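Chemist: In the order they appear, the protein sequences are chains A and B. Throughout the first sequence, residue numbering follows my numbering, covering 1369 to 2022 in sequence. Throughout the second sequence, residue numbering follows my numbering, covering 95 to 649 in sequence.
These are computed hints drawn from the structure, not numbers from a lab. Honestly, I wouldn't trust all of these hints.
[To be verified] Partial selection, computed: residues in chain B whose CB lies under 7 angstroms from chain A: (1) L234; (2) V393; (3) V396; (4) P488; (5) Q530; (6) G535; (7) T538; (8) V598; (9) A599; (10) A600; (11) D601.
If you're wondering where the values come from, they're calculated on a predicted model, not measured in any experiment. Each residue gets a CB set at the ideal place from its N, CA and C atoms; glycine is no exception.
One letter stands for each residue in the lines below.
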Amino acid sequence: MLDVAYLIPALPLAGFVVLVCLGRRAGDPGAGWVATSAIGLAFLSSFIAYVQLLGKDGEARAVVKPIFTWIRAGGFEVEAGLLVDQLSLTMALFVTGVGTLIHLYSIGYMKGDERFPRFFVYLNLFAFSMLVLVLGDSFLLTFLGWEGVGACSYLLVSFWFERNSAASAGKKAFVVNRVGDFGFMLAMFLVFATFGTLDYQGVLSRVDVLTATTATAIALLLFVGACGKSAQLPLFVWLPDAMEGPTPVSALIHAATMVTAGVYLMARVSPILALSEEALTVIAVVGALTAFFAATVACAQNDIKRVLAYSTVSQLGYMFLAVGSGAYVAAVFHMVTHAFFKALLFLGAGSVIHGLHDQQDMKHMGALRRLMPVTAVTFIIGWLAIAGVPPFAGFWSKDDILLAAYDKSPLLWGVGVVTALLTAYYMSRQVFLVFYGGERWRKAPTAGAHAGGGGAAHDAKHADDAGTGGHGAHGDAPHEGPWVMTLPLVVLASLAALGGLLNLPFGESARLEHWLEPVFGEALRHVEASSAHKQALAAAAGGAALVGIAIAYGIFIRGRRTTAFEPPVLQRAWGIDALYSALIEKPGHALSTFAARVVDARVIDGAVNGVASLVRAGGGQLRKVQTGYVRNYALGVAFGATVLLGLVVMRAGA
Amino acid sequence: MGVGSDFPILSTIVAVPVLAAVVVALLPRSRPDLIRNVGLAASLAVGVLTVVLAIDFEAGVPGYQFVSEHRWIEDFGISWILGVDGISLFLVVLSGVLFPIALYGPKVHKDLKSYVAWMLVLEAGCIGSFLSLDLFLFFLFFEITLVPMYFIIGGWGYENRVYASVKFFLYTLFGSAFMLVGMLALVYLSAKGRAPVTFDIRELADRGAVAGNTARWIFLAFVAAFAVKVPLFPVHTWLPDAHTEAPTAGSVILAGVLLKLGTYGIVRFGLTLFPQAAVDLAPLLLTLAVIGIIYGALVATVQKDLKRLVAYSSVAHLGFIVLGTFAFTNQGLSGSVLQMVNHGLSTGALFLLVGMIYERRHTRQIAELNGLQKSMPLLAAVFTVVMLSSIGLPGLNGFVGEFLILIGTFVTHRWWAVVATVGVILAALYLLWAYQRVFHGTPTGDNVGLPDMTRREKTVMAPLVVLIVFLGVYPKPVLDRIDPSVDRLIDHVESRTDYRQPPVAADLGRNVRAAERGIAAQRAAREAEGHQDAGEDHGGAGEGGGEGEHGRVDE
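Pulled out of the complex, with its shape left as it was, chain B reads as follows (with noise of 0.2 angstroms):
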């Protein structure tokens, strides 16, 4: 299986959607079903080939991996960086996913051509973003993706769309000045001394050359453009207007991939560059984050806009990856990668679906919609599944991510994780009581009769629903790719920092399962030899305790 290992896969998953967006300016407007097809054809090769990087990806390697680098602009030591760990993996996969959905999902009711143009843009420029270990090179993707989510709000939104593209634009570009400033003295005090002038983040990285308050004003000139982005708490207001006003596919890919540009560059670039004024400002973050999860579960509680309520939602989940990536365990972290790409599979599904009851009724009111579920059984049971994915339940993947993050800050930073604990409560009750307003109850009025999914839409949803239930139920093959990374990250800000990782997230516990497989090999072996000693039984748990130093067993 796979490709060569000359073959630039990374270049060409950010080059093929740009050719296809021109190939696709090109065409008439009088074809649109030749526009339609080239665009998802693009989307889909995309896609296609991000599965492909996954299962080329080889997992229990923590660093870069599929690297391609070519100088660019040397006398500034820029340079076109492209690779892939275990961070940005699967972030990579998500936007491979999701952008055929969402160009084939959701009915474009204008100006087909200029929408998948942009859509496309906005694909490479997501994509590139998170393959990008040039620092100048993530900063252009970064960017480039405000101008088609701004076209596409603006375009094919709601009532309210310009103000909220506007909103979205000001918003984020406000964020973008604080970074770019922080960027260019970061490069510039890197490059003291002999140093060559690099925005190459693993040779930043390395150097470390910032320190003390220098640190943390760079740190957080680059969390402000992050945290808009995110958005936590209290700079989130752009987002409810941009998601409510924006088209089904903008919500899709402005939920599902957007928004972890933010949290995506906390952990690579906030973590990695500033692994000091991280710890030392974890505090203030993670209580951002807290604030953020209940604050969003309570304002998203009393929206009379299903599409709003979906929106806040948001704003509550991002605040348990933030909680997460502060957390500085290997559980928080890695949970905090896993629920990214959960949330932009049960987010794009909600507002997927949403869209559809939107096709129908024409009104996201909720106070409008009642006993949808009685017409409409099919796309009621596939709200239900989204809904409990989104609400954390096991066996469904939203949990998974959640149960890391928290089980990975209270090991850490115990009272935030319980204060966090309890937005899983508020979550269920939001969720189910729009639940209950909208689908359930006797239909009346315009609610009556309404047709059940359709074939367009039953297989945009398949593979999300798929997704969403493989990733609860077997993990497995996802965490073995971030757990490495993410471990190499952990050691990162271990050996620049005085923070040590407390043990039982680092490696004690695999010892302990370890000795109990001995035991119970050891008992086994008894049993067949016909001796029963069960008091040994202690000695050997004890033991397994006390191999916590040793390091990990299995790898």
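With the rest of the complex left out, here is chain A (with noise of 0.2 angstroms):
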């Protein structure tokens, strides 16, 4: 019985170790489909898993499928095993989903790219590690799948190396990802301390055993590692910045799947998060501080890339905000319709960068929507489904959320509530600069003269002929991918138009409720209100998203106006990068001097170079034995020991 459950992550490895024996044999577009095929057979596994699950009792729907013993010292022993319940499976779902749709979608995105086979390579490699990270059976396994989805990212973000800015982009994601690593790791540890095993049934079925400050402790250990990996305050930095990544890496690893990795795991350790109130509460403010946070940066910025990465940011903090509130259902349904929508975003913003010859600088956007319709069609789909407004996908989800916010504190409600006026602000503005007003496309500079300044992430693919303006956008027009590029769109509009109907909140047809009930239990928290107090605070939400909308068109189409509120403390994301780069880099670069050329090279070896001349000067008498060749002194040290070994054996025989 569930034995497809193997296919799940053995399909895209098999497609990567297929795809690295091949190398550049592969081609384009062969390692495109061989990479495509694998993640989409994976889909079809996934789901046959889930029909076989459905055929289940709610509580029989956990099953370990063992794999083999991977570590084994003492008391210590993890046996690797896929962990197939309703939640690892709804992930693998959604991950294989889109991630088939952005492996289709990249074979014409990255058509003719010089590295395209091993493109694929990293891709396919990626969805392995998510794949492991979801359905890992034990925390080391979870961990072996989050930092593989970390080197996956870092191999993908640097993936254009010739450029430096892309270079450091995916050093910085790797290095501040490890920052929440250690959190993680900490807490595999103070788990295996407290219950001599690492994997999930054993530590999920005995949390009764934690005392509270353990389970505090473990929580927000855990969620140090969430903070990283799903990028929140105070270690959102490296996303930002990951846009240097092509396109495709952006809506498959940092938009839909990668990136709530965090989500997954709190969700996956609810029982213990259960069982602490505080853990709880930061959790929900780290996540609605976040949520506002970025979405005040995504305000102020141009790039069109760039807007979307601190939306993720400000999206995965109401996940987190839900999660805090215990909301978990609320949680994963925002990150399926999230994942829906917002690589929809990034193709669509791909599409757009594509038809434009690598310009991302939406100040030199504008018009398309007649230009490139499909594009234009779907990414609005996606503006509305991220914006709140009924009844696209998103709106069911944050309205879950903040019904969830509200009963834990009115507070954290009302930052909810502002965020999503913001939301709606900033893509409204995003959708009105590129898909409205003047074609401001036809006097823009050339992307490739336009890639040295400013810090935004240029998705310039051809970085070799860039700064020669191979590729100018004066001259053929903006234009519509091929249909490996459109078809994706299509697909993920409709997902993000009926996303909802997966769990309306009306009777019995809050499918994904029922479905994901038994995974959290009691840690799940039920909101008992009236269903005037729902709609009411339905109905704020949707105003508000409204209110951001008629805002931005007020300003954008009615006023014809490009620039608007963007204060360069808002460009600049509140100047947290500088604040880390002198309080952690410059100190921790002079430490580092200090150790090697004071420490290291004065007072270690100050210390034995003036030994050594202090033997030498003292023994001044002895000139004529130090014949400066070390073979003597070799010599000299095995007679010395000879008779020294002699005088005690002679000594101890006595």
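Build the complex: two chains, separate frames, hints provided.
Modeler: Here's what the structure looks like:
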């Protein structure tokens, strides 16, 4: 039963191995089709597993499929296995589903890249790691996937390594994530010290042995890990820079899947979180603050991808707000709908960048709805979904979160509603600047000429000829991509429009809630509220969205402006990067230099050389013996040792 | 498979390189190919023998195997005793694998004959040290390794080779002097009364003749020698010079094998002969280890010479190994032993790669290199894999050892483990930054159009990459052989001291797993019968936890 589950991670792994073996021979687009089929079949396998799981009773839907003993030493044992349950399968379904669409899209987007096969090697390795992350049956296996996706993220962000900005961004992503991993690792140590095992079933079935302090410690340490991977305050700084990667990477890794891993981890350990109100509150507050903070920054960005990057940070904040409010289903629901609409928005942005020959500055776009109708229509659906306009997907999932947040604290709800307004505003700003207004791209500088400045993430695919202006925006008009690029847009747009059906709040139609409930059990908080109360909250959220859109409409359409409320402090993300540079990077570098130049070279080696010269000076009488040849010293030592040895042993024998 | 039980495989493994060295010494200088082939054949033969040894080695047996014992200097109680257990086994295999790679991989530009001869002597010295069960014999091998290494650095090294080789030699000799005195004191004190003089460490450990302050002083004397070799902060400053100035093969062996003499010595002699002193002084050594981890990483970050950067990374990595050793848990110690092998593979591979870059560019200065990935995608890919292994990425070998060390340390010395975990962040920082500066960016000047890996270089790197992946994915065959010996050593320490390993580290975890499997089986049975009663699960898991004292389930 459920043996098909093995195929879910095995297929992308097989795709990876095949592509590594083929190397360049896989070719363009051959490598793309191999990788896409691998993950497409993984989606099929997930779906079959889902159907099989449906055939079981709710309680019996958690199945462990063992693989092999990975690590064993003393009392520490990790048996690698897959934990197939409602939560992991939900994740697997949308990871493989959205993943397949993005793989397909990449075939068109990456066409002509000199490292085309390598790109798909990384994509399949990523898919495999991500599936291990969600399907792993122990903390350590999740960590394996966790670090694996991190490494793939590093490789893919710095895919166009010729550009220093891309190389730096990849490194930054990995290192900042490692800070989070520090928390994850300590949490695992603490879990092992407490439970003697790291596998989920062994730990989560016995959480009653935890003291409140230990529960809080484990929860918060895991949350540190989640903050790294899911780009929450204060560890979000890597995600905007990660936009240096090719746009499909941003869609797959930095919007739909990898960055939600932190939310998944929190949902997975919900029984532990349930024991610590303090931890939940911290998570909710950090989530709400991140949501608000990132939304303000998104309002002032000009790079089409950076807007979406900060938006992702902000939406992930919503998910943590849900987790902190005990609304795990709402968190997962929003994770899924967000995967739909944010992947859609990124792919749409990629389509625009592609059509404009690597132009990413929204100030040099405009009026594209006529030239790129498919992109425009699908992007607009994505916009309505993320802005929270009913009946699109985002409205329903965000509404669930805000309802739970209100139950936790009206203040958190307030932050959430203001963020919803900001979200509607910055997304409307983006849509109006890109698809409406004048055709500013006609007189725009070429993307290549622009690539040097501004620190914006320029998706300069053809880095080699960017400088020579080989692809100016003056030449051919913006155009729609091939079908492999537009088809995923259409599919994702339908999902973004209809995704709310997964969990409508009416009567018995709350499918996701029923499906996931057994996983969370008592940790899940149910909001008991009258429907009038619920409707009032929903109206407030929907109202906020409309106000945000109206403001943007007033400024960018009626007012025909292209600039509004973009203070430098927001453009620079409240100066947090600069703060880290001043507080950590520079002192750290100074300390390291001090250790290398002073401690090592002067203090320790100084002492060593000092002793050596002292001996030399004191040994003036022995100068004749000091031939300077080490082999003579060696002989001397050997001789002395033998004499000493003889003496000692003779005395011992006496 | 395998060899007859009376075949002296260990003595053969030590003797083959010595004999080959003699043969090489007798060959005429005018036949470089013959010299190379003899050296390569001998080291390959040793490599094969060590692999045979690992296959014939019986997993699950904690004691010494393949022991061969011959009386030698009877009056002084000195014997030729060789034996191997789970702690030394893979260090022997590691030596067997790395020496042919080091001999074949990097090109030698002068005096091949002496070079090959010295390398073979070095191999015999290293393997002999790992196999000796006689203290005197160990000391002999341990000191023998110094001489060929000195000549290899001094003879075939780079600009500053003379300074580096003398520094290396004197530093190590200084440490050894302490050990010599400690060794003689131990043997002398153990021979009081009617007991005969012996250098047999099994006998010495059994007698446990020294205690209290005496034991602590003698322990420190041993540790002084090993600490220099490891090297432990603050006696590490010979290492960057020696590594940087040594020829590539020298660096590979120095990092891969020679440093392990120090960590191995601490485990084999420090913990076995002086259990109480080791437990007493653990906080000191743990602290030095943690300082080494952080300090080595910080200093590595600001190095301008790529080889020197890798050298400092060794200081950090070896700190982890010492940390796990003094954690006194199965995980910590098994992790340390495994990490000795892992570090040998990863850092050996890194030095080979740096050597390949040097062969092409004749510089190791990071500032002079850029964009190498453009023209050498394969070399860059291999470097990436090795780098990620060194960083401790799960799925590659480095992670398994590092994680076991940290988790094993955490259960006994929580805060040391917490600080050491910071080293994991720093490792990513210095290596990725170096990678970025060397491989990323657009190549300029002499960095344009360099040839990618040659067939010979691929041949050399392939086994290392395979092992790096294999040990990361499936370390079980190795751990299954290490663990019983580690268990035995911890038992030995517990039987001689008040120290007790926390139950969670010893066997509680396994019982939890076993109980769980029981529950799963029950559940499956119930399901088959059509009954469903999830309520009983809690009781079952509780029982599992309570079974902690009953010892191992599966052995």
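Chemist: Determine for every hint whether it applies to the structure shown.
Modeler: Okay, the hints, checked on the actual structure:
| no. | hint | result |
| --- | --- | --- |
| 1 | L234 | 10 angstroms, violated |
| 2 | V393 | 4 angstroms, holds |
| 3 | V396 | 5 angstroms, holds |
| 4 | P488 | 4 angstroms, holds |
| 5 | Q530 | 5 angstroms, holds |
| 6 | G535 | 5 angstroms, holds |
| 7 | T538 | 11 angstroms, violated |
| 8 | V598 | 5 angstroms, holds |
| 9 | A599 | 5 angstroms, holds |
| 10 | A600 | 5 angstroms, holds |
| 11 | D601 | 5 angstroms, holds |
The earlier numbered hints that this structure contradicts are 1, 7.
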